[in-house]
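For the protein sequence lines, the chains are A and B, in the order given. Be aware that the first sequence starts at 1, since it is given in our numbering, and climbs by one per residue. Be aware that the second sequence starts at 1, since it is given in our numbering, and climbs by one per residue.
A hint or two may mislead.
[Stated by the list, open to error] Some chain A residues judged to face chain B by a derived CB distance under 7 Å, without partners named: (1) Ala153; (2) Glu210; (3) Pro257.
Please keep in mind that the hints were generated in silico from the structure rather than gathered at the bench. Using N, Cα and C, we set each Cβ at its ideal position, and we do this for glycine too.
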Amino acid sequence: MGRVENKVAVVTGGASGIGRAASRLLAREGAAVVVADLDENGAEVVVKEIKADGGRAVAQQCDIGEEEAVMAMIDRAVESFGGLHILFNNAADTSLNAMMLDTPIHQMSVEWWDHAMKIDLRGAMLGCKHAIPHMIDGGGGSIVSTASNQGLAGDLTQSAYSCAKAGVVQLMRSVATQYGHLNIRANTVSPGAVRTPAFERACPPEIVVEIAKHSLISRIGEPEDLANAVLFLASDDASYITGHVIPVDGGQLAHLPHYGYMMSTGSTTTHQENE
Amino acid sequence: MGLLEGKVGIVTGSGSGIGRAVAQRLAREGASVIVADINEEAARETAGQISAAGGEARAQWVDVSDEAAVTGMCQAAIDAFGALHLLDSNAADVVIIQRDLDITSMDVEVWDRTMAVNLRGALLGAKHAIPHMLAAGGGSILNMSSCAGQFGDLSRVAYGASKAGIESLTRYIATIYGKQGIRCNAIAPGVVATPALVANVPVDELEMYERSAVTPTLGQPDDIANVVAFLLSDEARFVTGQVLNVDGGMRMHTPLYGEQIAQG
Numbered sequence: 001m002g003r004v005e006n007k008v009a010v011v012t013g014g015a016s017g018i019g020r021a022a023s024r025l026l027a028r029e030g031a032a033v034v035v036a037d038l039d040e041n042g043a044e045v046v047v048k049e050i051k052a053d054g055g056r057a058v059a060q061q062c063d064i065g066e067e068e069a070v071m072a073m074i075d076r077a078v079e080s081f082g083g084l085h086i087l088f089n090n091a092a093d094t095s096l097n098a099m100m101l102d103t104p105i106h107q108m109s110v111e112w113w114d115h116a117m118k119i120d121l122r123g124a125m126l127g128c129k130h131a132i133p134h135m136i137d138g139g140g141g142s143i144v145s146t147a148s149n150q151g152l153a154g155d156l157t158q159s160a161y162s163c164a165k166a167g168v169v170q171l172m173r174s175v176a177t178q179y180g181h182l183n184i185r186a187n188t189v190s191p192g193a194v195r196t197p198a199f200e201r202a203c204p205p206e207i208v209v210e211i212a213k214h215s216l217i218s219r220i221g222e223p224e225d226l227a228n229a230v231l232f233l234a235s236d237d238a239s240y241i242t243g244h245v246i247p248v249d250g251g252q253l254a255h256l257p258h259y260g261y262m263m264s265t266g267s268t269t270t271h272q273e274n275e
Numbered sequence: 001m002g003l004l005e006g007k008v009g010i011v012t013g014s015g016s017g018i019g020r021a022v023a024q025r026l027a028r029e030g031a032s033v034i035v036a037d038i039n040e041e042a043a044r045e046t047a048g049q050i051s052a053a054g055g056e057a058r059a060q061w062v063d064v065s066d067e068a069a070v071t072g073m074c075q076a077a078i079d080a081f082g083a084l085h086l087l088d089s090n091a092a093d094v095v096i097i098q099r100d101l102d103i104t105s106m107d108v109e110v111w112d113r114t115m116a117v118n119l120r121g122a123l124l125g126a127k128h129a130i131p132h133m134l135a136a137g138g139g140s141i142l143n144m145s146s147c148a149g150q151f152g153d154l155s156r157v158a159y160g161a162s163k164a165g166i167e168s169l170t171r172y173i174a175t176i177y178g179k180q181g182i183r184c185n186a187i188a189p190g191v192v193a194t195p196a197l198v199a200n201v202p203v204d205e206l207e208m209y210e211r212s213a214v215t216p217t218l219g220q221p222d223d224i225a226n227v228v229a230f231l232l233s234d235e236a237r238f239v240t241g242q243v244l245n246v247d248g249g250m251r252m253h254t255p256l257y258g259e260q261i262a263q264g
């Protein structure tokens, strides 16, 4: 008996990285999965992988920037599998172009800002908007969204992406508050650095080494690390957890910033005086 | 007219560093100050500086882990100035902290002494100051936390746990006595370049701390004192139960920031 047996799930951005890992894990634990992505071929590949594992899934092309497309994605779940219980809002524009355009604020292109908000934040809102009525009909549901540690802490770049991700955290609190009495839960997972195709496109190996210095468990994350947390939050094991953020980040934001320096210089004590 | 005109305040650990800067600032804002420290000579020096600058201050010996000494400290405010309105619980044991390393090597005495001074000391201060504040119609308490109480580090386990406890104590004081006119807040300083810090820390380590702050330089004791004065004053009358980080933004950014700055 799987942990999400007989549930129907929609995963946006399901063709690669965290979305792919979550789609496969949810399917392995008994859910029927709509693997939605802008990249239809990529979604088809994931569906094939799920079916090869003996799971149930359909691929759905979806640009979450378009409300019609989001509605069609949700309808696809209900038509294919008879309901909708789990929504994983995971899609974001993580293309290399997106990373390059997301500059410090004084250089920010307003068009780029609007695009990031449209995909990274408004897309999650649209998913909730159209999934929630089906969840209410089905007696409840669980929504999980992917935020980012960049939405919880300041950084030198990714200004628009990070603001959208902070908005996602608040969106989940709003959904949790408004629909909790209808047995719908909403939570956020916050990744730090995760070895996804998008991450590998954007981060040269020498940067990865620097990032790993701030992981308390000496490695960067794998998509499966996030998928495990998504499965947990989607499942009834988490039935009393709602409105919260679970950082799945190797402790990237749990320590003081001199940690990386101390670890690389081999020192385990620091001189610090606060009083 | 100062922010704290007519108020009477106690600052523990005000023989040096941040506490001394706070005592001086409170006095400049018009408060009469009990300069309390375990080092009585240092307390007298701070009080002397305040008096020389035209302020009102009395030095008072206190070991904040000793309840009788804490009641004596509070009584000293009443005896000297007739009332008590403000308390800055700033004292921490800065000697024991040198032995406060990791968990498996933790000498339980280090843990107990750290808790006795840093956390229990703040409790005792509040316990014995609050009745006087209630008698005066209200008051304001400021507890000193630390970024080390909010995030993990490779050493100073007991210190960090005591400071996290202080943040909880702050919320409890604010909750229980708020309706009776007592506010309680905490400040979490980051790395403050006290003379002792600059003298004892290797230059490359200091530079590393500077890179972690998003401000051009590390903090000075006055940077903390400015915020203490605000939070203790009536200008902050709707602020209570909060922890304000006064840390140059050292932990609001992702941890890679310092390395990225170093690499330009």
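Check your understanding: With a cut-off of 7 Å, does the beta carbon of A:Ala153 approach a beta carbon of chain B closely enough for the hint to hold?
Key -> holds (5 Å)
Practice item. Answer holds if the nearest beta-carbon of chain B is closer than 7 Å to that of A:Glu210; otherwise answer violated. Key: holds (5 Å)
Exercise for review: Would you check whether A:Pro257 satisfies its interface hint, that is, whether its CB is within less than 7 Å of any CB in chain B?
Suggested key: The hint holds - A:Pro257 has a Cβ within 7 Å of chain B, the shortest such distance being about 4 Å.
In the structure shown, no violation is registered for any of the earlier numbered hints.
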